[in-house]
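Novice: Here's the letter readout for the chains.
There are 4 protein chains.
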Amino acid sequence: MSYMDLNIAQKIIEGAQKKSNEMESNFCVSIVDPRGDLITFIREDGAPWRSVYISQGKAAASAAFMQPSGKLAEGGLNPIHQGLMGMLGGRMIPGQGGLPVYKENEIIGAVGVSGGTPQEDEEIAYAGINHAGCKTSK
Amino acid sequence: MSYMDLNIAQKIIEGAQKKSNEMESNFCVSIVDPRGDLITFIREDGAPWRSVYISQGKAAASAAFMQPSGKLAEGGLNPIHQGLMGMLGGRMIPGQGGLPVYKENEIIGAVGVSGGTPQEDEEIAYAGINHAGCKTSK
Amino acid sequence: MSYMDLNIAQKIIEGAQKKSNEMESNFCVSIVDPRGDLITFIREDGAPWRSVYISQGKAAASAAFMQPSGKLAEGGLNPIHQGLMGMLGGRMIPGQGGLPVYKENEIIGAVGVSGGTPQEDEEIAYAGINHAGCKTSK
Amino acid sequence: MSYMDLNIAQKIIEGAQKKSNEMESNFCVSIVDPRGDLITFIREDGAPWRSVYISQGKAAASAAFMQPSGKLAEGGLNPIHQGLMGMLGGRMIPGQGGLPVYKENEIIGAVGVSGGTPQEDEEIAYAGINHAGCKTSK
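Protein chains in written order, with this note's numbering: chain Y, 1112 to 1249; chain U, 1112 to 1249; chain C, 1112 to 1249; chain Z, 1112 to 1249.
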């Protein structure tokens, strides 16, 4: 069984920061396990405080529903997603910038990014996953 | 680095009250720092008790998202705003009447007003910021 | 019927700040009505952020139980106080530094102070009440 | 004015991990700013998921009260600490293992550790702070 160890998580951060250096904004990057609990996190200097929470919420939403967090909000939230988010105390954020992480066809966690445009956030998440040799879908 | 000291905050209140004297309603005015924590607050005699909380919620929302709190609700709440508001225990209110405060191109806090129409609330916030020699955008 | 208008509340703040100038610490001062809702508030430059919340909580506790908030914690919290504090969403803090405000034998609100030692906090609350020509008991 | 940038925070993690390698348990280490918002975080492989939250809660408590989180629980919780913790939505944990971080006599944040005995947790926090050239008191 594959799982996300700290080593993989730190590789994802490394790749994310490399990408973020090409951009003007400063970012928060959260890596979580399949349960949505944090494995590692960084806030780049100058990233807004709200991004601490938003990046974690996107990562948690991607992990819970095993899909990009941006997909969850398309066409309005569905009631099951909304229900689960309420049940779990509002820890998930269904906006673009979170991606699930797959290795050997198994989900091993998710990445959530916040600080730039939703599109930039997702690009950074993708760059991190790619840098670590993982995928964002089966 | 600029920041909102009590002196600036009290100038904002002064300008807000001057404007409020031209109107019929009575208002609550909250001034918060960039993290959303209160710096100063007044409730004019006769302002409804709910405005105590609404003015603070608008100020906190403006500070967190660095924009007018009225913008946040336009076209329905976006899921990221909704998510962050849930995560932070319902301390933010995304309705017109809150404005961020900028000085030397840096956000130094926000003002939230409640008690009149949303339009009046925002006018009072604006008058206060203007009176203190600050701006509401970069 | 006596009640705390903004004018009295600002007099209390004035007296509190005069006293606070004699001390080394920086303080937050909250003035609330008998229901515990804020009338006015100031955070002196340099006062810690936690004092924003603690001063309000002490004021709310004094108003609710019509006694010094420091009395409430003596000998451990009684279960009624604890129950009410829970019911109302944790907005009260039963520690020294809050005093009820009486005028013409009626409670018109309360003051809560935080930022120094509990003893200093209470002295500042008392100085404010006194300066405004009010009392802290019937 | 001193503040904790990502570079200092990562030095603290480095020192904490060096110390943790001498111990049998696996740890979570949270670094927060003075307001209690996360700057960086790691969960070592094998650390229990509850330690993710406990380490953050200890760090937040140390930051809010500018003292070791273990001190807060000595002799039972005082009602002011309890009150503030309730007000802020249960984000603080007053148990040993969190230490404030000072630089040039100013608080710049706090470290919270969980995963071993409370004593070990605090030793790791201390080792991290020391490694980064910071102090845990004025």
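In case anyone wonders, no lab produced these hints; they're calculated from the structure. All values derive from a computational prediction rather than experimental measurement. Be aware that a few hints might be false.
Same chains, same label: a pair holds when it works inside one copy or across any pair of copies.
[Unchecked claim] Think about it this way: if two alpha-carbon atoms lie no more than 20 Å apart in a straight line, the pair counts; the simulated SDA-like pairs of lysine to any residue are:
1. Lys-1129 - Glu-1185
2. Lys-1130 - Leu-1188
3. Lys-1182 - Gly-1227
4. Lys-1130 - Ile-1191
5. Lys-1246 - Thr-1151
6. Lys-1249 - Glu-1234
7. Lys-1182 - Gln-1193
8. Lys-1130 - Tyr-1237
9. Lys-1182 - His-1192
10. Lys-1182 - Gly-1194
11. Lys-1129 - Gly-1194
12. Lys-1249 - Gly-1157
13. Lys-1246 - Leu-1195
14. Lys-1182 - Arg-1202
15. Lys-1182 - Gly-1244
16. Lys-1129 - Gly-1244
17. Lys-1214 - Thr-1247
18. Lys-1122 - Gly-1186
19. Lys-1249 - Trp-1160
20. Lys-1214 - Asp-1156
21. Lys-1129 - Glu-1155
22. Lys-1130 - Pro-1190
23. Lys-1182 - His-1242
24. Lys-1129 - Leu-1199
25. Lys-1130 - Gly-1197
Novice: Now, for every hint given, state plainly whether the structure supports it.
Specialist: Checked hints:
1. In this assembly of identical chains, the alpha carbons of Lys-1129 and Glu-1185 never lie at most 20 Å apart, being 29 Å within a copy and 35 Å across copies at closest.
2. Neither within a single protomer nor between protomers do Lys-1130 and Leu-1188 lie at most 20 Å apart by alpha-carbon distance, with minima of 30 Å and 30 Å respectively.
3. In this assembly of identical chains, the alpha carbons of Lys-1182 and Gly-1227 lie at most 20 Å apart whether taken from the same copy (18 Å) or from different copies (18 Å).
4. Taking the shortest Cα distances, Lys-1130 and Ile-1191 never come within 20 Å of each other, neither inside one copy (34 Å) nor across copies (23 Å).
5. Proximity of Lys-1246 and Thr-1151 under a CA criterion of 20 Å is satisfied intra-copy only: 18 Å inside one chain copy versus 24 Å between copies.
6. Taking CA atoms no more than 20 Å apart as the test, Lys-1249 paired with Glu-1234 passes inside one copy only; the shortest distance there is 19 Å, against 27 Å between copies.
7. With identical chains, the CA atoms of Lys-1182 and Gln-1193 are at most 20 Å apart both within one copy (13 Å) and between copies (16 Å).
8. For a Cα distance limit of 20 Å, the shortest separation of Lys-1130 from Tyr-1237 inside one copy, 9 Å, qualifies, whereas the shortest one across copies, 33 Å, does not.
9. Proximity of Lys-1182 and His-1192 under a CA criterion of 20 Å is satisfied in both settings, with 11 Å inside one chain copy and 16 Å between copies.
10. In this homomeric assembly, Lys-1182 and Gly-1194 come within 20 Å of each other (Cα to Cα) both inside a single copy, at 16 Å, and across copies, at 15 Å.
11. For the homomeric pair Lys-1129 and Gly-1194, neither the shortest alpha-carbon distance inside one copy (37 Å) nor that between copies (28 Å) is at most 20 Å.
12. In this homomeric assembly, Lys-1249 and Gly-1157 come within 20 Å of each other (Cα to Cα) only across copies, at 16 Å, whereas the closest approach inside a single copy is 35 Å.
13. For the homomeric pair Lys-1246 and Leu-1195, neither the shortest alpha-carbon distance inside one copy (26 Å) nor that between copies (27 Å) is at most 20 Å.
14. With identical chains, the CA atoms of Lys-1182 and Arg-1202 are at most 20 Å apart within one copy only, with a shortest distance of 17 Å there and 24 Å across copies.
15. For a Cα distance limit of 20 Å, the shortest separation of Lys-1182 from Gly-1244 qualifies neither inside one copy, at 23 Å, nor across copies, at 40 Å.
16. Taking the shortest Cα distances, Lys-1129 and Gly-1244 sit within 20 Å of each other inside one copy (15 Å), while across copies they are farther apart (27 Å).
17. Taking CA atoms no more than 20 Å apart as the test, Lys-1214 paired with Thr-1247 passes inside one copy only; the shortest distance there is 9 Å, against 34 Å between copies.
18. Taking the shortest alpha-carbon separations for Lys-1122 and Gly-1186, neither the intra-copy value of 34 Å nor the inter-copy value of 39 Å comes in at or below 20 Å.
19. Only between protomers do Lys-1249 and Trp-1160 lie at most 20 Å apart by alpha-carbon distance; the minimum there is 19 Å, versus 33 Å within a single protomer.
20. With identical chains, the CA atoms of Lys-1214 and Asp-1156 are at most 20 Å apart between copies only, with a shortest distance of 17 Å across copies and 31 Å within one.
21. Proximity of Lys-1129 to Glu-1155 under the C-alpha cut-off of 20 Å is restricted to the intra-copy arrangement: shortest distance 12 Å within a copy versus 23 Å between copies.
22. Within a single copy, Lys-1130 and Pro-1190 get their C-alpha atoms no closer than 35 Å, and across copies no closer than 25 Å, so neither meets the 20 Å cut-off.
23. In the homo-oligomer, the alpha carbons of Lys-1182 and His-1242 never lie at most 20 Å apart, since the shortest distance is 23 Å inside one protomer and 37 Å across protomers.
24. Taking CA atoms no more than 20 Å apart as the test, Lys-1129 paired with Leu-1199 passes in neither setting, with 33 Å inside one copy and 30 Å between copies.
25. With identical chains, the CA atoms of Lys-1130 and Gly-1197 are never at most 20 Å apart, being 33 Å at best within one copy and 30 Å at best between copies.
Against the hints set out earlier in the document, violations occur for numbers 1, 2, 4, 11, 13, 15, 18, 22, 23, 24, 25.
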